[in-house]
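Peer 1: Assemble chain B onto chain A, guided by the hints.
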Amino acid sequence: METEGKGSRYQGRIHLLQKELMGQYYRELTQAAEEGGPPAAYMLISGNPVELVRAFGMLPVYPEVNALQLAVKKESLPYILLAEQMGYSVDNCAYVKADIGLFFNGLRAPFATLPRPSLILCNYVGCNVYLNWFEHLAEYTGATIFPLDIPFIRDPSQGPREEDVAYVVGQLEELIRVCERLTGRPLDGERLKEVVHLSQRTGQLWAEIKHLTKNRPCPLDAYFDAVTLMGPLYCLRGTEEGLVFFEEAYREVEERVRNGLGPIPEERFRIVVEGPPPWPYLRTFRDLFARWGAVAVASTYSTVGGMWEFGFAHDPEKPLESIAMHMLYWNLTNRSLLLRYQQIRRYIEEWEADALVIHSVKSCRLFSAGQGDMREYFTKELGVPTLLLESDLEDPRYFSEAQMRNRIDAFFEALEHKKIRERPVGAMVEHGGPTLMEGEVR
Amino acid sequence: MRTGVGTAEEIVARCREVVEDPSFQVVREWKARDPEARVVGCYPVYSPVELIHAAGMLPVGIFGGGNQIEIAHADARFQSFVCSIVKSTLELGLTGRLDFLDGILFHSICDPARNLASVFQRNFPWLHVDYIHFPQNLASPLAEIYLAQEYRRILRGLEELAGQPVGEAALVQAISTMNRWRSLVRALYDLRARQPHLLPAADLYPVVRAGTLLPVHEHIQLLEAFLESVARRETKPKDRIRVLVEGAFCEQPPIDLIACLEEAGCYILDDDFLLGWRWFLADVPLDGDPVQALAKAYIHLSTYSPTKHDLRRRKSDHLLEKVRALGADAVVVLIPKFCEPALFDYPLYRRALDEAKVPHLFVEYEEKMWIFDRVRTEVETFVESLLFE
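So the sequence lines, in the order shown, correspond to chains A and B.
Number 49 in this note's numbering belongs to position 49 of the first sequence; there are no gaps in the numbering.
In this note's numbering, each residue's number is its place in the second sequence (first place is 1) plus 1000.
Keep in mind that the hints are not guaranteed to be accurate.
Between beta-carbon pairs, the in silico distance windows are [as the list claims (entries may be wrong)]:
id	chain 1	residue 1	chain 2	residue 2	range
1	A	Met-86	B	Arg-1374	18 to 28 Å
2	B	Ser-1385	A	Asn-105	46 to 56 Å
3	A	Glu-349	B	Ala-1076	19 to 29 Å
4	B	His-1197	A	Glu-381	51 to 61 Å
Computed, partial: chain B to chain A, Cβ under 8 Å [unchecked claim]:
id	residue
5	Ser-1108
6	Pro-1112
7	Arg-1114
8	Ala-1187
9	Tyr-1189
10	Thr-1235
11	Arg-1314
12	Glu-1340
13	Pro-1341
14	Arg-1350
Residues of chain B clear of chain A, computed beta-carbon distances all greater than 12 Å [what the hints assert, rightly or not]:
id	residue
15	Arg-1016
16	Pro-1135
17	Glu-1384
If you are wondering where the hints come from, they were derived from the structure by calculation, not from laboratory data.
Each residue gets a CB set at the ideal place from its N, CA and C atoms; glycine is no exception.
Chain A on its own, in the form it takes in the complex (with noise of 0.2 Å):
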């Protein structure tokens, strides 16, 4: 495991680990789909109870993970375009019409082919689109569909409150008459517990390596190869692989912050990255950023599917309710913007950022809708640093290198020249600029 000379990202054994593992799971599904197999149950990745799924031994698939997987290979955009055919507006979400166009394409995608779904489980945290694009698949599969509705944090200032976990909780005991009635078989409690323990334990490692990025040089880029982790994270939660995934995550990253190693040879620029990354361009997207020598030590994107760093871990003992906390609370996109305001706060104070990194899609509004209110708090309020970029998550027409570039590459010169007046008199000066990617040509 070393840190590749030519700078660009960080390729350890977890990332050929978790190659393996998705690609497990991919057969997995595409084994389901062609020659049957458990009832599959179709989810989203924010805040989700996956462990009630797992215990009923059904198949959860995530139509946001295959959105993004298709975005990621560069095939999305005839998915998107055949959604928009049908009525689907340019201005809709793309991972949704993405998933629609993969519908429609039979279920099957480059990588995989999905098995058409026994549940649609609608599990609403935050996302107002999640409910209309369950509600499309409800409708042109004929599937169950169970609409879990989880109130919204409304109060930045106090959690969810004790009816509103009450109201989950009752929730959830009616999508288990609904997976038992799916099923044909009654809950096993004990089965729930031993899920929920695995996921505790995984939530536990995924904080802890949360917070090894703590580190200078920070181990590994907590956007860019924490997107390599949410996979399993979220594919398997709750099983043995997923947990013994992260044993090894852990054990690597540990041995690299002992080792002194970090994603790119030099770190010059600690930041802090907003929003979700462009997947069709992920690549190129972060090399603009690795040609400063910029680390993300902290990423929002990395809490949506659940904020473990933070003090959460599910509870074996109080399955249902720790579930019902996970949706409400210890998740990203069931808070309201001010909570993110305040947990990019944290992540500056106590990661030790210099810079703040928007990445404002167009397709998840969620996310972007306000950020320039998110800018004008960090730069003018509290003085940080901050970058706004626009492109989008799934829809490859809406990334534009140049301009990107231009913006980067502007804003890092700005912060550069910044350390530099903030540099003790006498100090060395270090070379400035950006390092030159193989290839590339400046």
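Peer 2: Frame of chain A; chain B shown alone:
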């Protein structure tokens, strides 16, 4: 504003003046009469205004700035791909035009509206900003219990703002008053559905919308007078197609755009303008606990809506049923630019309308539009294709 007198035309003209005034002069005048008076804004779509009335305060519809203001500040806070009403509402706030508000309610209608609630909290810290999370699992018996609790929480905030507790009698009275208001609006809509030539939407809309700004008793008198006057009109029907307008439930179309649809050859039999204020299909029952009654009515007596994800019945079935009940020739899907809830319903509507062989036209608009030539041509072409097919 003096009410209770005047012909239908005079009422329409006065109401139009009131609703197109971005300085909210009528509300300011109402507030100036009493130093204790409090005003609570209601962002779309549905807000339980009875709770505000019961606390002795004035609920006021906040629908952005329409085509009456320039956006100079809010576009630095919300991106180009966010709908206009979110930005123009913030612009109203940032330019001091909402300084008569003591509180404002936002609702779980869409992602930008939710984030707008946060932006309001941060930028206007003196304002009582609350956010209602409506239940989305309406088939569950838990939804009603939850919503009643949510209303009680909202009510506690309003009581604090008003500086007085709210008793059950005041709540019942508020429901009864709003029942009367809504029944008058329903009567106008019914009259229009039967005799659309007597009541153009461009007349009906400003009159109803004035009710989101005026004290309710004053507006009830106005509606009574208007209903009486309109029924006496002797306008002759023209050769137009009879349409249902769907999709404009949040950001409101300019009045001239509504007029443009009609002049291009449509009778609008029904629409979803100001939908949240009209919300209930029947009176909210007055017996039993009033907060519970409001919660129950939301779940069992309210209209279908793109922001209410009621899986008990498909929205497209509701739409088709309405088309049949009204005997409409076609549906005009009138959607504000970037409105995700409406845009998401469109492919499902399109599918259902095509299957049922109901002609339909998709028209995109923005509240800040003031040139309608393109829309007029589109609608005229559509109308001609139906009239002369």
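Peer 1: List, from low to high, the hint numbers that the structure doesn't satisfy.
Peer 2: 2, 8, 9, 10, 16
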